[in-house]
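Number of protein chains: 2
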Amino acid sequence: MAKGNLHAAFDDSEVSPRDLAARAAWLSFVGGMTQDQIAQELGISRQRAQRLVARASSEGLIRVRIDHPIARCLELERDLKRRFGLEAAWVSPGIGAGADPLNGLAPFVAPVLERLFDDETPKVFALGTGRTLKTVVDHMRATEGAHHKLVSLIGNVAPDGSASFYEVIMRLAEKTRARHYPMSAPVAVRDAEELALYRSLPHIKAARKLAQSADLAIAGIGQMGNDAPLYMDGFLTAEELTDLQTAGGVGELCGHIFDREGRYLDHPVNHRMVGVRVPEAEMPVYCIGAGKSKVTALRAALGGGLITGLFTDEWTANTLISE
Amino acid sequence: MAKGNLHAAFDDSEVSPRDLAARAAWLSFVGGMTQDQIAQELGISRQRAQRLVARASSEGLIRVRIDHPIARCLELERDLKRRFGLEAAWVSPGIGAGADPLNGLAPFVAPVLERLFDDETPKVFALGTGRTLKTVVDHMRATEGAHHKLVSLIGNVAPDGSASFYEVIMRLAEKTRARHYPMSAPVAVRDAEELALYRSLPHIKAARKLAQSADLAIAGIGQMGNDAPLYMDGFLTAEELTDLQTAGGVGELCGHIFDREGRYLDHPVNHRMVGVRVPEAEMPVYCIGAGKSKVTALRAALGGGLITGLFTDEWTANTLISE
DNA sequence: TCATGATACGGGCAAATGCTCAAGTCTAAT
DNA sequence: ATTAGACTTGAGCATTTGCCCGTATCATGA
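Chains as they are written, first to last, in the working numbering: chain A, 1415 to 1737; chain B, 1415 to 1737.
I should point out that these hints are in silico values taken from the structure, not numbers from a laboratory.
Careful, some of the hints might be misleading.
Which residues of chain B face chain A? A partial, calculated answer using Cβ under 7 angstroms [said to hold, decoys possible]:
1. Ala-1436
2. Leu-1475
3. Arg-1479
4. Ile-1480
5. Ala-1485
6. Glu-1489
7. Gly-1510
8. Asp-1514
9. Asp-1532
10. Lys-1563
11. Asp-1647
Source: prediction; values computed, not measured.
The beta-carbon is built from N, C-alpha and C at its ideal position, and this holds for glycine as well.
Produce the entire structure from the sequences given, and follow the hints as far as they go.
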């Protein structure tokens, strides 16, 4: 009899492929077996074993953590805190100049955020949006955080009417089982009148109030170059972008644009955001961002004291410090 | 200029090899880079990169977790709980018939124990000893558990005078920063008189009292075949072992030997243990054990209600249930 | 019923990996 | 200063892995 049956009968008709993938991955990574051995153990072909392991990786079933704080990164964290008066800083090791910095940053940030949700005392987390935050949340594991609340800092309806900005808060809520309060409104409105209207709506009022009293805000950061996310996603026209650049805008947090000194611009665009502007009162604001394109924005936000905590990568930290 | 220097100058004289290993592993696993690329990035040879990654793995810097509960294992956990009236059960996926079951069990158990230490309310954990527990503790990461206490259920001095049994509690204390109370006494003494003497010593009294009032006991389990750990480690002579086997001994918890029904033997050897016998009062007892050699002992302990929680592997769980 | 597209499978092969071995390097004791 | 011993390094090589591609299977719809 084949070895495989010593453990269980892997009758294909009963076993979900996901299960089999997890099992193959377990045998490979934990058991340290070769694909041939896995194939024999599970009674499948070598190629199939290979595919299962690959699939487990690509579907994110495998979570790899490095259990060693790299000295250089700790040093950078200390320097960042001292230099910019931050409460907290996390620096992920670089993953090479060519790759998207998010590939290294996200798996590094995710476990830290997970730990925030392990806290027993109920907390309110206010969340921004964006690709960075989305990627980080995707890297988080499911955790038990039903006693916490999640609230959005920013409206969830894009100019094209889609509610794609739901995603960050919804996904995080799925993973933590926390109650969630998206801000069901456009990100930006057309004029002051509309703004007053939206802000007077009870559910918006409530969401804004909850966000303003949050225990912690977590947000990405946007650059204001020609690749500005606000422009790419259609929140700004080309003219508006140019105008904002001319007015000194170098970055934005939750759609609120600030200048080189980290002061929010007194510009019409900034008066059309339905969401909340950070920092609000004494609330700590943790910002996640790395990469060449974000350096200027980060430096401004740090200099202006807009953020109290920073997640970034080694290269960005180096650059921010050695200016 | 080489890519490597974009990130940092990896001057060998300043960088600890451990750091470099962690960095290589990070590039390999998180960055998904090939060893050639890593070598180029760090400015070292391919072989060296390979060695660094291997070293990081072997030193346990890499922690791999499978984020998918394998259905078959969940089923077994449920069955174990129902069948033996357990509070809790964890079943790790098998890693093949040939390998040491501990290789699969330890990395699986470690994160569960880690979570126990995440609890905010201070707890007292009473610990046994043995190869199983040692291996599990080695797989745990450092965590913040300074508010907890660790106490040993069993003396730490072996018959040869060595204090190798310190290791489990000391290592765990290192990782959790918890206060620790090893039982500084022989595991077993010669006669009732010595026993009374040792048990009357203040520090033993205190340790035993603390252990008896612990919130949770965690222990391995020993078989009483000819490969009995108690015999292999010199706690029993060959004659004593045979005698105990004849008297019906099939397993032991913390050196206390029990029979097929899970009743502690009324045998001289059992009256020479300085440590604490579990279960004590209402204290939950979580037992870790897997493999062919442990099945009989586990079955007895489960049947006799000596343990309230079990960590084991798929094969062992299967065997225990389908008897 | 047959055509169509999607998906899964295994063969084969180039690339990547892990391991052994001989040569080199550093340490420390004589 | 010398030398034995422990350790590290890089070259070469066998094994393992990842991936492309032709084929088989299956579900769907004309």
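How the hints compare with the structure:
| no. | hint | result |
| --- | --- | --- |
| 1 | Ala-1436 | holds (4 angstroms) |
| 2 | Leu-1475 | holds (5 angstroms) |
| 3 | Arg-1479 | holds (5 angstroms) |
| 4 | Ile-1480 | holds (5 angstroms) |
| 5 | Ala-1485 | holds (5 angstroms) |
| 6 | Glu-1489 | violated (10 angstroms) |
| 7 | Gly-1510 | holds (5 angstroms) |
| 8 | Asp-1514 | violated (10 angstroms) |
| 9 | Asp-1532 | holds (6 angstroms) |
| 10 | Lys-1563 | violated (19 angstroms) |
| 11 | Asp-1647 | violated (28 angstroms) |
Hint compliance for this structure: hints 6, 8, 10, 11 are broken, all remaining hints hold.
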